[in-house]
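Q: The residues making up each chain are set out below.
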Amino acid sequence: MRNTWIIAKRELAGYFATPLALVFIVIFLALTGAFTFYLGDFFGRGQADLEPFFRFHPWLYLILIPAVAMRLWAEERKTGTMELLMTLPVTTTEAVLGKFLAAWVFCGIALALTFPIWITVNVLGAPDNGVIVAGYLGSFLMAGAFMAIGACMSAMTKNQVIAFIIAATVCFLFTMSGLELVLNFFHAWAPPLIVDTVASLSFLVRFDAVMRGVIDLRDVFFFISLIAFWLFVNVIVVEVKKSA
Amino acid sequence: MTDMIVLENLTKRFGALTAVDDVSMTVGRGEVLGFLGPNGAGKSTTMKMVAGYLTPTAGTARVMGHDVGQAPLQVKAAIGYLPEGAPTYGDMTVQSFLKFIAEVRGFSGAEIGRRVDRVREMVALDEVFTRPVETLSKGFKRRVGLAQSILHDPEVLIMDEPTDGLDPNQKHQVRTLIKDMAAEKAIVISTHILEEVEAVCSRAVIIAHGRLLADGTPEQLLSRDGRHNAVVVKLAADTADPVVAGLRALPEVAAVNPLDGGPVNGVAAFRATPKDGRSIVVPVGDYLRSENVTPEEMYVERGQMDDVFRQITLTDQSEAVGDA
Numbered sequence: 001m002r003n004t005w006i007i008a009k010r011e012l013a014g015y016f017a018t019p020l021a022l023v024f025i026v027i028f029l030a031l032t033g034a035f036t037f038y039l040g041d042f043f044g045r046g047q048a049d050l051e052p053f054f055r056f057h058p059w060l061y062l063i064l065i066p067a068v069a070m071r072l073w074a075e076e077r078k079t080g081t082m083e084l085l086m087t088l089p090v091t092t093t094e095a096v097l098g099k100f101l102a103a104w105v106f107c108g109i110a111l112a113l114t115f116p117i118w119i120t121v122n123v124l125g126a127p128d129n130g131v132i133v134a135g136y137l138g139s140f141l142m143a144g145a146f147m148a149i150g151a152c153m154s155a156m157t158k159n160q161v162i163a164f165i166i167a168a169t170v171c172f173l174f175t176m177s178g179l180e181l182v183l184n185f186f187h188a189w190a191p192p193l194i195v196d197t198v199a200s201l202s203f204l205v206r207f208d209a210v211m212r213g214v215i216d217l218r219d220v221f222f223f224i225s226l227i228a229f230w231l232f233v234n235v236i237v238v239e240v241k242k243s244a
Numbered sequence: 001m002t003d004m005i006v007l008e009n010l011t012k013r014f015g016a017l018t019a020v021d022d023v024s025m026t027v028g029r030g031e032v033l034g035f036l037g038p039n040g041a042g043k044s045t046t047m048k049m050v051a052g053y054l055t056p057t058a059g060t061a062r063v064m065g066h067d068v069g070q071a072p073l074q075v076k077a078a079i080g081y082l083p084e085g086a087p088t089y090g091d092m093t094v095q096s097f098l099k100f101i102a103e104v105r106g107f108s109g110a111e112i113g114r115r116v117d118r119v120r121e122m123v124a125l126d127e128v129f130t131r132p133v134e135t136l137s138k139g140f141k142r143r144v145g146l147a148q149s150i151l152h153d154p155e156v157l158i159m160d161e162p163t164d165g166l167d168p169n170q171k172h173q174v175r176t177l178i179k180d181m182a183a184e185k186a187i188v189i190s191t192h193i194l195e196e197v198e199a200v201c202s203r204a205v206i207i208a209h210g211r212l213l214a215d216g217t218p219e220q221l222l223s224r225d226g227r228h229n230a231v232v233v234k235l236a237a238d239t240a241d242p243v244v245a246g247l248r249a250l251p252e253v254a255a256v257n258p259l260d261g262g263p264v265n266g267v268a269a270f271r272a273t274p275k276d277g278r279s280i281v282v283p284v285g286d287y288l289r290s291e292n293v294t295p296e297e298m299y300v301e302r303g304q305m306d307d308v309f310r311q312i313t314l315t316d317q318s319e320a321v322g323d324a
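Chain order of the listed sequences is A and B. The first sequence begins at 1 in the numbering used here and counts up by one. The second sequence begins at 1 in the numbering used here and counts up by one.
You may find that some hints are simply not true.
Unchecked claim - Computed footprint of chain A on chain B; a stretch qualifies when at least three of its residues, placed anywhere within it, have a C-beta under 8 Å from a C-beta of chain A:
no.: 1; segment: 97–108
no.: 2; segment: 113–120
Claimed, not checked - When the alpha-carbon atoms are kept at most 27 Å apart in a straight line, the in silico DSS-like pairs for lysine-lysine are as follows:
no.: 3; chain 1: A; residue 1: 241; chain 2: A; residue 2: 9
no.: 4; chain 1: A; residue 1: 9; chain 2: A; residue 2: 158
no.: 5; chain 1: A; residue 1: 78; chain 2: A; residue 2: 9
no.: 6; chain 1: B; residue 1: 138; chain 2: B; residue 2: 171
no.: 7; chain 1: A; residue 1: 78; chain 2: A; residue 2: 158
no.: 8; chain 1: A; residue 1: 242; chain 2: B; residue 2: 138
no.: 9; chain 1: A; residue 1: 78; chain 2: B; residue 2: 138
no.: 10; chain 1: A; residue 1: 242; chain 2: A; residue 2: 78
no.: 11; chain 1: A; residue 1: 242; chain 2: B; residue 2: 99
no.: 12; chain 1: B; residue 1: 99; chain 2: A; residue 2: 78
no.: 13; chain 1: B; residue 1: 179; chain 2: B; residue 2: 138
no.: 14; chain 1: A; residue 1: 242; chain 2: A; residue 2: 158
no.: 15; chain 1: B; residue 1: 179; chain 2: B; residue 2: 234
no.: 16; chain 1: A; residue 1: 9; chain 2: A; residue 2: 242
no.: 17; chain 1: A; residue 1: 241; chain 2: A; residue 2: 78
no.: 18; chain 1: B; residue 1: 138; chain 2: A; residue 2: 158
no.: 19; chain 1: B; residue 1: 99; chain 2: B; residue 2: 179
no.: 20; chain 1: B; residue 1: 275; chain 2: A; residue 2: 9
Stated by the list, open to error - Examples of chain A residues lying across from chain B (beta carbon under 8 Å, computed):
no.: 21; residue: 10
no.: 22; residue: 79
no.: 23; residue: 90
Hints were generated in silico from the structure; no laboratory data involved. Backbone N, C-alpha and C define an ideal beta-carbon position, used for all residues, glycine too.
Please model the entire structure based on the sequences and the hints provided.
A: Written out as structure tokens, the structure is:
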């Protein structure tokens, strides 16, 4: 655990040593703002909640999180620092966890910096702050799931662009799997069990519930187990790739 | 424990390519082993396996008694490893990079500062200490890599081309550093700069096509060159013929041949090559004195590492491993 923390600390410092952190946070804040106020019609709805704010998070994450995740491993392999890292006395699991945590915490920082909108909605009305806390928690968990997918894809290639595109595609499938667009494809031939399973993998469906303040432990468990699964695959990919 | 690194039948295949083929050897404390071979010979692959980065296809590598396959963390803790190209995290400053390495190496508190200061002095990083690594010159980057590898004062040091891309002064510094650490450690360096082997190594192995072709001291390898211990004599061209005939008649001398290019300014040069590679400088000198000939110049050749290298790596690849 100590090594995980040391690696995470180094990674996180790395974000802020480059323009990456600034660019990401500014764009994230600008886009959440734009989506909330224009597409979400924050004022016009006349309701004191953050539903129009949270509703667009899956779509923002779809683009922005693969962009943060793409460099996690691909860059290390490209510059050769992977060899340095993996010959230090750390296990692959510690390295995978450390890198993931740094990236996830970084997203958490960006998410936390949206706090002015929480203040705004409290000034304008009397929102249910419990629902908002649930929304933030759900958004953070979903960001983790996107990030775990992205980290795993980044380990598969030394080309960051390829890592980005594959990660965005996989994230897209997970996001959309609850919608008719995807489900119709399965309805035609698959038994209901499979259709339900595919639907249950959907980030949108899960997040929708959490966003409305319904924190079902199953949804929390879903995101956490998804993170664990992709990190587990990430460890395997790193092991396999470095020996080939 | 004298054998600090033990390789047993170490083999690595990438698909159909056998990069390292059944290599066995040991390295003990106090040795500086030069790992020689043409590009693509398997030097780096071998080092990566010992350092725990690549998993061997067959065979084992043991460092300080730990099998790299079974106890990779113990091996990695015991080794200082400089990967090829000395990769470092470019966006970190030298200071924060070395601090990070110290933390990962298990140091804490004030010890981190002590360790970092120690290597900062050893490899002379003062003037760039607070600059991001990516802004440094190639020579400094390599020294940062070097600093990283010796930070924990490891018993075993493995360095893949530590002086590649350095200027002559920097090369000299790095070699001095290696020599200074040699007594306490087992050091393996790979290189294709052959002068380096003579400059720092107590032992050299030559590897080509993944196979170990020669193993011995630099002196032993040099003795494989036909010119090893040959004596070159330069003397006035008009007095040369009887002397050459006399030298040819000496029992220790195999042949006497004029050097390429013929006489220059009335001075002819000849090379007397010995039988069996033994030193012939004494009999040649005695003969010249007995004939009252004063040579313009006379010196012993040691042989060329380049020639030995070419001879070993270009000839029969299936040649068995033998002590030189």
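Q: Each hint: holds or not?
A: To see whether the hints hold, each was checked on the structure:
1. 97–108: holds (count 6)
2. 113–120: Coverage by chain A is violated for the segment 113–120 of chain B (0 residues, Cβ < 8 Å).
3. A:241 - A:9: holds (25 Å)
4. A:9 - A:158: The given pair, whose Cα atoms are some 23 Å apart, holds under the 27 Å limit.
5. A:78 - A:9: Holds, at roughly 21 Å.
6. B:138 - B:171: holds (12 Å)
7. A:78 - A:158: holds (5 Å)
8. A:242 - B:138: Within the cut-off at roughly 26 Å; holds.
9. A:78 - B:138: holds (18 Å)
10. A:242 - A:78: holds (12 Å)
11. A:242 - B:99: holds (26 Å)
12. B:99 - A:78: holds (23 Å)
13. B:179 - B:138: holds (22 Å)
14. A:242 - A:158: holds (11 Å)
15. B:179 - B:234: violated (37 Å)
16. A:9 - A:242: holds (23 Å)
17. A:241 - A:78: Answer holds: residue 241 (chain A) to residue 78 (chain A) is near 13 Å, not above 27 Å.
18. B:138 - A:158: holds (23 Å)
19. B:99 - B:179: holds (26 Å)
20. B:275 - A:9: violated (66 Å)
21. 10: holds (5 Å)
22. 79: holds (6 Å)
23. 90: Where the cut-off is 8 Å and the nearest Cβ of chain B is about 6 Å from residue 90 (chain A), the hint holds.
When each numbered hint is compared with the structure, violations occur for hints 2, 15 and 20.
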